[in-house]
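Enquirer: Input sequences plus hints: build the corresponding full structure.
There are 2 protein chains.
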Amino acid sequence: MKPTLTHATRPLTFEVDALNENGELLPTSIAGENPLTLYVDKCEVVTLMTLGQAPEALAVGYLRNQRLVKSIDEIAAVQVDWEVNAVAITTRKGVKGLRERMKKRTVTTGCGQGTVFGDLMAEIESINLRDDVTLSEEGLYALTEAVRRHETIYKAAGAVHGCALATNEGNASQIITFVEDVGRHNAVDAIAGQMWLEGWDGSDKIFYTTGRLTSEMVIKAAQMEIPFLVSRSGLTQMGWEIANRTGITMLGRAVNKHYLLFTGKHRFVKTRMPTMLA
Amino acid sequence: MKPTLTHATRPLTFEVDALNENGELLPTSIAGENPLTLYVDKCEVVTLMTLGQAPEALAVGYLRNQRLVKSIDEIAAVQVDWEVNAVAITTRKGVKGLRERMKKRTVTTGCGQGTVFGDLMAEIESINLRDDVTLSEEGLYALTEAVRRHETIYKAAGAVHGCALATNEGNASQIITFVEDVGRHNAVDAIAGQMWLEGWDGSDKIFYTTGRLTSEMVIKAAQMEIPFLVSRSGLTQMGWEIANRTGITMLGRAVNKHYLLFTGKHRFVKTRMPTMLA
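Protein sequence lines correspond, in order, to chains Y and S. Numbering follows the working numbering, with no gaps: position 227 of the first sequence is 227. Numbering follows the working numbering, with no gaps: position 14 of the second sequence is 1014.
Hints in this document: simulated from the structure, not taken from any laboratory. Every residue, glycine too, gets a C-beta built ideally from N, C-alpha and C. Check before you lean on any hint, since a few could be wrong.
Lysine-lysine pairs mimicking DSS-like chemistry, simulated, CA-CA at most 25 Å apart [claimed, not checked]:
| id | chain 1 | residue 1 | chain 2 | residue 2 |
| --- | --- | --- | --- | --- |
| 1 | Y | 2 | Y | 96 |
| 2 | Y | 155 | S | 1155 |
| 3 | S | 1257 | Y | 155 |
| 4 | S | 1070 | S | 1096 |
Sample of chain S residues facing chain Y (criterion: CB under 7 Å; computed from the structure) [to be verified]:
| id | residue |
| --- | --- |
| 5 | 1014 |
| 6 | 1016 |
| 7 | 1020 |
| 8 | 1021 |
| 9 | 1030 |
| 10 | 1031 |
| 11 | 1158 |
| 12 | 1182 |
| 13 | 1214 |
| 14 | 1235 |
| 15 | 1237 |
| 16 | 1238 |
| 17 | 1240 |
| 18 | 1258 |
| 19 | 1259 |
| 20 | 1262 |
Expert: Spelled out as structure tokens, the structure:
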């Protein structure tokens, strides 16, 4: 049974005036940013700063990635009220030990949300990504082309990061969902929430992010059981180490027909011959 | 009396192999990322994911920006030990109510560290930035040129954000310190820590960031009493609103000789004439 949901999207861009170097007053689009406080069964959990594109999915994905709920079936309702910048999540049977867990939480904050770091590192040891799926070079290029053509808040206003979940079928790839937010980790959490809400299986999909591949980003992709992680940006040492440990197929600097394949090379199929050198 | 400090910088870049689209195996520099758990008088406060360029200043600046200590004089020692990924901060007289404050903390997480959001919004009302200082267009261009010439981890490995504190003297500007980190908020906190440790006054300086001007970034610059905030990137609606409320002089998209002046226009002096149009 699906949870009851609001659909309370916020205005995503605003226009302000700015003076440029030529002395011209330019109307300039800027991205929205809103505080959203999560309450689980009336217990305050966290305040996220969000663009507000998919607040219900963000709330669900936050609870999923923080391991506060184990299945979407535990959630009865997700109700966003922008009058008070709050989202009320009602569970069917309560979250065991929620108040105690809130007290002892440690937040990791590379550039992202609080996560219980030690627990996550232990958990990645138990993740087994599918090894019977491959990504072809043509499929990767189909993805970067789909991303290039996608209409985004980033193109209009900048100051946001985007994440996408995409199919991987032969040499084709289609964007299933694309979420943007002021924080990279909000965007990935919102996609985790949508996957639960829509019942999407990640085990043959591609996860794309405009942001950097830090430890938390790699951990979250692996937790969603997604074997392919693609970024337009670079990576950090811990992102690389965790990717190696989980065996995820991770590509960075993926723009147009360029990429760097870092880990999980066994799932990547090079369909084009290297340029012949004279 | 200055606190006792370690100087425990981590290796900032690592080299890994990556396969590119031409089938070449390329040695590729990636940025370091390390968990660093802060203990204040043996009470665990937070775990930050950091590049590790200036961990002592990061710890001090985190405590400063979280308002856990009110003055550098309260801190007796800052000791980083990478063997256990920890920094031990010893205060002279203890932090009143520290354990209680850790329990009731709410984290805001647009793309950054936990901060007590409501308290911060109240505090910005009380900030008065200096109005007897100006920034000239030539001074701004001197800053963007200094940033362009600065050697950075970003140029070598990507995946980090940088923040700088710079002088503003007539039509000149020099970088006093430049800190990079995997999270934007770590870089700004490290500079806040250095300002305290070195006794630097921010009230006539420029704060530069490669990152986006979100609410937390603007709040932190204003808290450091810095009247000029310059970014290579864009801004969010809440960043703009808070900048307006504090009256900070905020410029975005500042690269080479381009910029957008958003707020605090009274402190900006345009030294060049607009291009004459025939």
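Enquirer: Give a verdict on every hint.
Expert: Against the structure, the hints:
1. 2(Y) with 96(Y): 21 Å, holds
2. 155(Y) with 1155(S): 24 Å, holds
3. 1257(S) with 155(Y): Judged against 25 Å, a Cα distance of about 22 Å means the pair holds.
4. 1070(S) with 1096(S): Roughly 11 Å separates the two Cα atoms, so the pair holds.
5. 1014: This hint holds: residue 1014(S) lies near chain Y, its Cβ roughly 5 Å from the closest one there, short of 7 Å.
6. 1016: With a closest approach of 6 Å, the residue 1016(S) hint holds.
7. 1020: Check passed: Cβ of residue 1020(S) comes within 6 Å of chain Y, closer than 7 Å.
8. 1021: 6 Å, holds
9. 1030: Nearest chain Y Cβ about 5 Å off; hint holds.
10. 1031: 5 Å, holds
11. 1158: 3 Å, holds
12. 1182: Result: holds, 5 Å to nearest chain Y Cβ.
13. 1214: Since chain Y brings a Cβ to about 6 Å from residue 1214(S), closer than 7 Å, the hint holds.
14. 1235: 5 Å, holds
15. 1237: Given a least distance of 5 Å, the restraint on residue 1237(S) holds.
16. 1238: 4 Å, holds
17. 1240: 6 Å, holds
18. 1258: 6 Å, holds
19. 1259: 6 Å, holds
20. 1262: 5 Å, holds
The structure is consistent with each of the numbered hints, conforming to all of them.
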